[in-house]
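Taking the hints into account, I'd like the entire structure generated from these sequences.
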Amino acid sequence: MWSALIRFRPLLLVLLCAASVAVWACSPEFPDLLFIVNDRPDYPVEQFARGKLGILQARYPPRSLYVAYRYLTRQPFSPSEIERLQESFRGTLRLREGDVIAIAAAKEWWRTARQVSRVNSPPSSPRVFKSSDGRRHFLNCPADAFHTARQTLEDRIASLGPESPAVRDWIAAQSEVFKNCGGGLSIPAPAAAELPPVIRKDRDYQIAAAYFYAGQFGAARSRFQAIADDDDSPWRVLAPYLAARCLVRQWQLQGDVESAREAEAKLLAILADDGLSALHGPAQDLLGYIRYRLAPQQHYLSLSRRLLNQGTRPWSVADLGDFARLMNTRMDPRPEDDLGRWVQAWRQRWPFAEIRREWQSTASTPWLLLALLRLPSSHPGSEQLLSAASAIDPHSAGFPSIGFYQAVALLRQGRLEEAREVVDKVFRHHGDALSPSSLNALKMLRARLAPTLEDFLKDGPRLPAALVAPTTRDVVARPPGADQIEGKRWFRFIENNRHYYDDDVTELLAARLPLDLLASIARDSALEAHLQWQWVRAAWVRAVLLERYEVAAELAPALARLKPRLKEDIRAFLNASEEVRPLAAWLVIARNPGLRPQVESGLMRRAKIDRLSSFRDNWWKSYERCCGYCGTRFGRDLLERIYPQREDWRPAFLSEAEWKQASQERWLLSLLPPFGNLLTAMAVDLAEQFPQDPRIPELLHRAVRATRYGCTDDSLEGSRAAFRMLHRGYSETEWARRTPYWFR
Amino acid sequence: MPDRGKRLTALATIAAMLLGASSLDRPDSADRLAALPQVMIWAWERPEDLEFLDCSQVGVAYLAGTLTLTGEEAQMRPRFMPLLLPPECRSLSVVRIETYEFEPPRYTRHQRREMVEEILALLRPDLDDGLQIDFDARSSEWDFYRRFLQDLRREMPAGWPLSITALTSWCLHDDRLEVMPLDEAVPMLFRMGPDKGNIIRALRRGRDFRSPVARTSYGLSTDEPFPPLRPDRRIYLFNPAPWDERALRQAIARVRQASRSFAGWSVEPARDAIARFQRSQTSLGPTQGGAFVSLALDGG
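Residue numbers (numbering that gives the first Met the number 0), protein chains in the order written: chain C, 0 to 743; chain B, 0 to 299.
Bear in mind the hints are in silico, worked out from the structure with no lab data behind them.
Computed from a predicted structure; not experimentally measured.
Even for Gly, the Cβ is constructed at its ideal location relative to N, Cα and C.
A hint or two may mislead.
Said to hold, decoys possible - Reference excerpt, derived from the structure (chain C facing chain B, CB under 10 Å, subset only):
| id | residue |
| --- | --- |
| 1 | Arg126 |
| 2 | His136 |
| 3 | Leu138 |
Okay, here's the thing in structure tokens:
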């Protein structure tokens with residue numbers, strides 16, 4: 000093979016000069032696996048809320064940090080607080096959840112109304128968004144509006160009967176109300192005098208609501224106020240709160256700050272009225288909403304006290320939302336309370352010196368953790384921090400994080416043995432209770448510290464923590480148990496309890512192993528079959544590329560066993576004489592675009608091994624890179640922390656001879672051009688060696704095709720040369736007929 | 000059987016073109032589109048203050064909504080972020096269509112109808128000058144996309160321009176744009192994926208896009224190199240961050256440079272190159288030996 004390549008030296012030069020650039024494709028995109036979710040705790044959030052903090056990640060948002068702070072300072076949550084936490088997390092889990100829920104609620108309402116009224120129902124469900132300035136929209140009718148309407152309808156059906164004309168009239172009026180959600184002005188007519196009193200009272204409310212959704216806030220407010228004064232109205236209690244909401248909307252949409260002040264006064268009046276205690280929760284939230292925007296600093300002070308249960312009332316989900324928003328901004332002046340300072344220091348990346356000062360003045364666990372997280376590789380004060388970390392109770396909620404970052408610090412100082420001891424301690428005390436992301440992080444660290452290859456490989460297979468959409472980087476599914484929709488998505492891609500490899504195993508370890516070690520891993524039948532397949536495939540292809548046909552022959556039966564579609568090709572390879580074995584091997588590769596010298600991270604190639612991928616995920620681009628749409632890696636913060644100079648990383652367990660062999664092989668393989676060029680070069684060379692072999696035309700045909708469907712560089716030589724040879728030497732064959740073009 | 004398939008395709012194409020010619024108000028909408036500035040900037044879903052624009056030179060194609068197709072449903076999420084424009088600015092509303100492999104759409108007629116309804120509800124003919132659809136349809140979605148665009152075109156306000164963004168692979172290799180009821184298909188010369196090298200090489204060799212609707216504009220992103228650009232085309236510019244005067248000035252300067260470098264080429268008509276190559280393949284006979292690209296030639 001190598002002699003064949005010498006003739007294609009220009010290709011090699013092009014390859015060596017070409018910079019590898021990762022590009023985002025416009026389309027299409029496939030979900031990929033995430034092993035360590037680094038910007039939020041794993042599902043189920045309940046575990047996190049109950050104090051199973053796992054390993055806190057540098058990008059955790061304020062809500063999660065608040066939970067962590069409470070546990071790190073030994074202020075656990077009560078059951079009702081845990082419920083509120085879960086509700087708050089649910090609200091942040093899915094992007095645009097409020098919008099999606101509102102659309103779904105509107106459709107549900109529409110279906111119910113149509114079913115009951117059968118006539119006079121609008122042709123489609125109400126729109127929930129309204130334009131505020133022509134091009135920009137807002138959610139005008141949230142899900143609650145439709146839920147309330149459905150609930151009321153059910154009550155009226157229960158009292159008046161489904162066939163009652165009054166109920167039909169009610170539905171028609173409510174449909175008018177919801178017409179305002181998307182814009183325009185549509186006000187139901189006043190109720191006829193002969194309708195039941197409750198329907199007439201409902202109508203007053205419907206008319207006020209219609210004005211509200213239509214943006215006529217003055218008209219809506221006066222009507223809600225009248226309802227509040229009407230002792231017979233079932234909406235009497237809710238009406239004062241809605242009158243305040245009219246003022247808030249007016250402020251939001253028209254920028255009238257006076258309306259906000261007026262709303263504030265109305266809400267305070269509601270809070271002072273014991274008769275309206277049912278409204279106190281929502282009124283508090285609305286008040287917080289106003290104050291957060293009008294006077295964030297003052298609002299923050301009462302907020303942080305409440306979140307630590309030092310206020311006059313319990314904290315609410317809205318409070319936590321306001322806190323999170325404030326913590327995501329750089330507050331000036333900085334907060335004075337410890338919670339706020341700690342979360343700001345975490346989120347806003349305060350300098351290490353300041354964090355260390357905070358720790359020295361408080362000697363608290365949260366500041367110790369943050370100081371370890373931000374500890375530079377070499378710092379004179381590191382010993383003090385490391386010994387403080389050693390004194391932490393291993394049963395405490397903060398121990399996995401503190402132990403993890405302590406071990407990373409030790410690793411960076413080259414104290415591998417001590418780091419291993421700390422990691423083992425974390426496993427011993429918390430290993431069974433860690434979430435997938437925390438477990439994967441710890442496994443990655445333990446693998447990095449592994450004294451032997453076997454130890455490294457034990458920590459290689461990992462359960463994924465999430466599926467992620469590459470472009471938006473949104474988590475689109477989590478392991479089962481999360482919720483039904485996500486569970487369904489999960490199983491479209493992932494079999495239950497199936498393990499995969501992360502980048503430390505594939506990109507770092509597998510690429511640095513000599514062929515003989517790779518082959519020995521490939522023989523490990525204790526591995527899950529799809530993982531063993533990866534090693535066998537990589538070792539077999541590398542053996543061919545390195546012209547180590549004895550290794551390829553030894554691995555070939557495993558290749559056929561793990562991928563029965565290869566059976567015939569492999570039999571031909573094994574039956575071939577030593578002289579023509581290269582030809583047989585290259586034909587196997589040419590026929591099977593799923594073969595490659597890499598071990599893959601994540602979901603792996605999804606097309607069948609002998610089928611071309613429509614997205615050019617065929618063969619390989621270079622020894623270290625696949626071709627086409629073949630996976631995108633995310634969440635590599637920890638990889639970069641654990642392998643800071645990963646280009647130069649040398650596995651400590653490799654002997655001098657093994658490392659030398661691996662380095663030589665890597666160098667040789669790095670000289671190879673992209674697969675399309677390589678195969679054409681090989682095909683031409685083999686055709687010259689074995690011109691009479693009946694397999695040559697097929698190999699030439701497949702080589703030309705590979706320059707279209709595989710990766711190539713700028714050179715025209717390969718495709719054209721294989722094409723010429725096929726048509727000059729084998730023009731009467733079926734393979735020549737099937738090759739009308741060459742590609743560039 | 001293949002012949003029959005080809006005949007049917009040809010008939011379908013002719014029928015679609017006739018339909019386009021008879022029922023669509025193309026000249027009017029095309030004229031309206033032609034009146035837009037030569038540079039349009041894409042304003043995506045983020046706060047954009049574009050009060051600084053010189054509207055005689057630059058227009059705006061803003062993301063008006065994202066239509067997500069899942070199962071039988073089509074859900075529109077309209078723009079939530081503020082967009083400040085001088086009132087005299089010309090604008091296109093852009094609707095992005097998204098599908099997800101984990102919950103694929105069923106591509107039904109009902110879904111098409113919902114999509115059209117959702118888009119029509121979003122349109123603001125009083126504010127905007129046309130509509131652009133941004134959908135990276137896969138081959139398997141193409142038929143559905145074509146039908147959807149036909150439905151949409153039928154229902155849109157008369158004379159309103161309809162533009163789409165187009166993957167360059169559609170524009171270079173396929174005839175599919177020919178049967179679309181479009182005024183413009185903007186070839187997206189960024190985020191091109193694994194075909195990037197081939198496409199840039201083809202453009203550098205002077206090759207142009209096949210369909211006339213793809214020969215009026217380019218789509219570029221400021222965070223990627225610009226290939227040489229034919230100077231007569233409208234430019235759509237994407238910026239990964241909110242626009243400001245400086246970013247726009249720099250982008251326009253790069254466009255000018257890329258247009259000048261196109262004019263400076265010695266563009267050899269690709270068909271001459273291929274003819275020369277074919278002559279060199281004397282032993283292969285006159286019908287063999289063309290490179291694949293010769294199938295889709297448009298000279299220099």
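Hints and how they fare:
1. Arg126: 7 Å, holds
2. His136: OK, holds: His136 of chain C within 10 Å of chain B, min 4 Å.
3. Leu138: OK, holds: Leu138 of chain C within 10 Å of chain B, min 8 Å.
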